[in-house]
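Novice: Below are the chains, spelled out letter by letter.
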Amino acid sequence: MTPPVPLLEARNLTMRFGGVVAVNNIDFTLREVELRCLIGPNGAGKSTFFKMLTGQLTPSAGTIAFRGTPIAGAASHEIARLGIGIKTQVPNVFNGLPVRENVWLAARRRNTPVQAKRLVDEILEKIALTPRADDLVGQLSHGQRQWVEIGTVLAGEPDLILLDEPAAGMTDEETVRTAEIIREINQTRALIVVEHDMQFIKMIAKTVTVFHQGQILMEDKIDAVMHDERVRDVYLGKKVAA
Amino acid sequence: MTRFAGRPLLNWAALAAAVAALIAVPEFVEIFTLMQFTLFAAMGVLALSLGFIWGYGGILSFGQTAFFGLGGYAYAVSVINLGDSTGAIGIAIALPAVFAAILGYFVFYGRISDVYLGVITLTVTLILFNVVNATAGDEYRIGAAALGGFNGMPSVPTFNMPGNPSMVLDPTQGWYATGGALIFVYVALRLLLRSPFGRIAVAVRENEVRASLLGYDPRLIKLGVFVVGGAVAGLGGALYVNWGAFVSPTIFALSLSAEIIIWVTVGGLGTLIGPVVGCFMIQYLDSQIGTQQTFNSNLALGAILIVFVLLLPQGLIPTLRTLAGRAIAAPSRTAAKTTVAERPAEARQ
Numbered sequence: 001m002t003p004p005v006p007l008l009e010a011r012n013l014t015m016r017f018g019g020v021v022a023v024n025n026i027d028f029t030l031r032e033v034e035l036r037c038l039i040g041p042n043g044a045g046k047s048t049f050f051k052m053l054t055g056q057l058t059p060s061a062g063t064i065a066f067r068g069t070p071i072a073g074a075a076s077h078e079i080a081r082l083g084i085g086i087k088t089q090v091p092n093v094f095n096g097l098p099v100r101e102n103v104w105l106a107a108r109r110r111n112t113p114v115q116a117k118r119l120v121d122e123i124l125e126k127i128a129l130t131p132r133a134d135d136l137v138g139q140l141s142h143g144q145r146q147w148v149e150i151g152t153v154l155a156g157e158p159d160l161i162l163l164d165e166p167a168a169g170m171t172d173e174e175t176v177r178t179a180e181i182i183r184e185i186n187q188t189r190a191l192i193v194v195e196h197d198m199q200f201i202k203m204i205a206k207t208v209t210v211f212h213q214g215q216i217l218m219e220d221k222i223d224a225v226m227h228d229e230r231v232r233d234v235y236l237g238k239k240v241a242a
Numbered sequence: 001m002t003r004f005a006g007r008p009l010l011n012w013a014a015l016a017a018a019v020a021a022l023i024a025v026p027e028f029v030e031i032f033t034l035m036q037f038t039l040f041a042a043m044g045v046l047a048l049s050l051g052f053i054w055g056y057g058g059i060l061s062f063g064q065t066a067f068f069g070l071g072g073y074a075y076a077v078s079v080i081n082l083g084d085s086t087g088a089i090g091i092a093i094a095l096p097a098v099f100a101a102i103l104g105y106f107v108f109y110g111r112i113s114d115v116y117l118g119v120i121t122l123t124v125t126l127i128l129f130n131v132v133n134a135t136a137g138d139e140y141r142i143g144a145a146a147l148g149g150f151n152g153m154p155s156v157p158t159f160n161m162p163g164n165p166s167m168v169l170d171p172t173q174g175w176y177a178t179g180g181a182l183i184f185v186y187v188a189l190r191l192l193l194r195s196p197f198g199r200i201a202v203a204v205r206e207n208e209v210r211a212s213l214l215g216y217d218p219r220l221i222k223l224g225v226f227v228v229g230g231a232v233a234g235l236g237g238a239l240y241v242n243w244g245a246f247v248s249p250t251i252f253a254l255s256l257s258a259e260i261i262i263w264v265t266v267g268g269l270g271t272l273i274g275p276v277v278g279c280f281m282i283q284y285l286d287s288q289i290g291t292q293q294t295f296n297s298n299l300a301l302g303a304i305l306i307v308f309v310l311l312l313p314q315g316l317i318p319t320l321r322t323l324a325g326r327a328i329a330a331p332s333r334t335a336a337k338t339t340v341a342e343r344p345a346e347a348r349q
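In order, the protein sequences belong to chains A and B. Counting in the working numbering, the first sequence runs from 1 upward without gaps. Counting in the working numbering, the second sequence runs from 1 upward without gaps.
No lab work stands behind these hints: they were computed from the structure. Because the structure is a prediction, the values reported are computed rather than measured. All residues carry an ideal CB built from backbone N, CA and C; glycine is no exception. Hints should not be assumed to be uniformly reliable.
Only part of the chain B face toward chain A is listed, based on derived beta-carbon distances under 10 Å [what the hints assert, rightly or not]:
id, residue
1, ARG199
2, LEU213
3, ARG321
When you get a sec, could you build the whole thing from the sequences and use the hints?
Specialist: If you want it as structure tokens, here you go:
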């Protein structure tokens with residue numbers, strides 16, 4: 001029996017910016033409905049990796065396949081249509097449009113008008129922004145804009161969701177709620193989550209991939225990663241390890 | 001910002017008022033003024049074309065007159081050859097739309113940035129001006145229509161009743177046709193903006209990267225907006241030629257390109273009514289200033305633009321809307337304060 005095709009498979013992936021190698025020859029595989037956390041210090045290459053997965057950057061070398069379809073260098077909208085959605089590090093939303101319109105724009109692409117309206121209402125409830133549905137996104141707080149972006153990604157109904165620091169700027173309560181939503185989404189969809197908040201990682205993670213200087217330092221279960229000396233040195237710092 | 005609940009009603013009232021004005025104007029003004037208003041309405045269609053692509057598509061075209069001129073010439077050539085304005089108007093809309101599709105394909109799919117888009121559209125307008133200018137002589141004919149070079153094409157047949165070339169429209173009917181076209185284009189663009197395409201176009205203007213990450217192709221959406229703008233400008237060109245029964249290369253003039261930008265800026269970018277109001281206002285002012293010799297009308301136009309950019313950067317209509325919004329919100333805020341102030345008293349009772 002042939003092994004199932006992975007949801008996402010990157011081979012020898014490299015991204016160079018002039019003389020700087022942001023991502024250096026990495027291999028990465030993700031199964032269907034898997035939740036993977038990416039950690040690593042700033043500049044480790046996590047966001048660059050996300051940008052290559054979503055077509056915002058064309059890799060200098062290597063391949064990326066989504067369910068066996070090559071996507072390296074494809075346009076962002078083509079990749080989104082295949083089923084990859086992203087919440088970026090800095091909220092990337094339509095600030096000049098109302099909350100409802102932001103979510104609708106994502107929902108409408110794959111749904112009929114009636115289905116899209118129902119989906120938008122459900123998502124607004126889920127992200128607790130129904131009372132502010134008609135407000136312009138630019139008038140919301142940073143945390144609320146994060147929620148709008150998460151809602152927008154959910155409305156696109158992608159099979160793989162990339163979340164770049166989803167808990168950044170959120171209150172403790174909102175962070176717990178975000179973790180709950182991520183676990184709920186993971187019942188049916190795969191996710192890759194980049195996060196610095198280790199408490200948050202503990203709430204959601206099963207397998208963790210550690211990036212360091214554009215390469216994958218290690219990939220293992222959360223407990224093994226947390227207790228690895230190398231990870232402590234490069235990411236958590238020796239002070240924490242002590 | 002919560003949307004004003006009475007806005008749909010206001011829109012219907014405005015539309016009814018526009019239709020009423022269209023019908024009533026010939027009863028109250030002299031023929032010269034009616035002809036002047038007909039010109040303003042034709043130019044209003046041109047203003048709408050830029051107001052749509054710039055305000056809702058984020059595409060600043062410095063060469064909207066290229067499509068306007070193409071529409072004008074397409075109408076003139078077609079009506080002379082066909083002998084009927086019905087099909088000629090369709091050609092005047094279709095040709096600039098096709099031209100916009102070809103130009104827009106290279107611009108948007110070539111990922112040319114906004115600044116270069118301005119330069120390219122400006123250059124295309126200049127090229128068209130020079131090409132048409134060089135068509136003097138009898139050898140430059142399309143069928144029965146001589147292009148006439150810098151002298152232009154005089155005695156272009158004006159609009160007739162649809163399918164009936166023998167029934168040529170008189171000035172009053174010409175006003176109805178032109179003013180009606182302006183209202184029709186306005187309503188059509190308003191409906192287009194409410195459609196999924198229009199809403200996605202606005203999203204692309206707001207954030208191109210996010211739109212593409214949601215699965216929309218910004219190049220295709222922008223191309224669609226550009227083509228619609230080209231078609232509308234082409235219709236404006238046909239209306240303009242119908243008004244004067246004449247077309248010359250000055251229809252591609254850069255001064256007109258600049259003037260449209262002033263109309264849109266003064267009236268208010270990001271609205272459809274703003275460019276029309278700006279167009280009517282500036283043209284009326286221009287015609288009034290033109291009757292005296294004390295100072296140059298272009299100087300006055302420049303001064304108006306500077307005043308608006310410095311004092312009302314949003315333009316007339318958005319500023320009026322903001323003021324109206326504040327006026328509506330003020331009583332409700334006062335009522336809310338009163339309610340809060342009254343609470344302790346109510347609690348005591």
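Novice: State for each hint whether it applies.
Specialist: Results of checking the hints against the structure:
1. ARG199: 7 Å, holds
2. LEU213: Where the cut-off is 10 Å and the nearest Cβ of chain A is about 5 Å from LEU213(B), the hint holds.
3. ARG321: 14 Å, violated
Of the hints listed earlier, the one the structure fails to meet is number 3.
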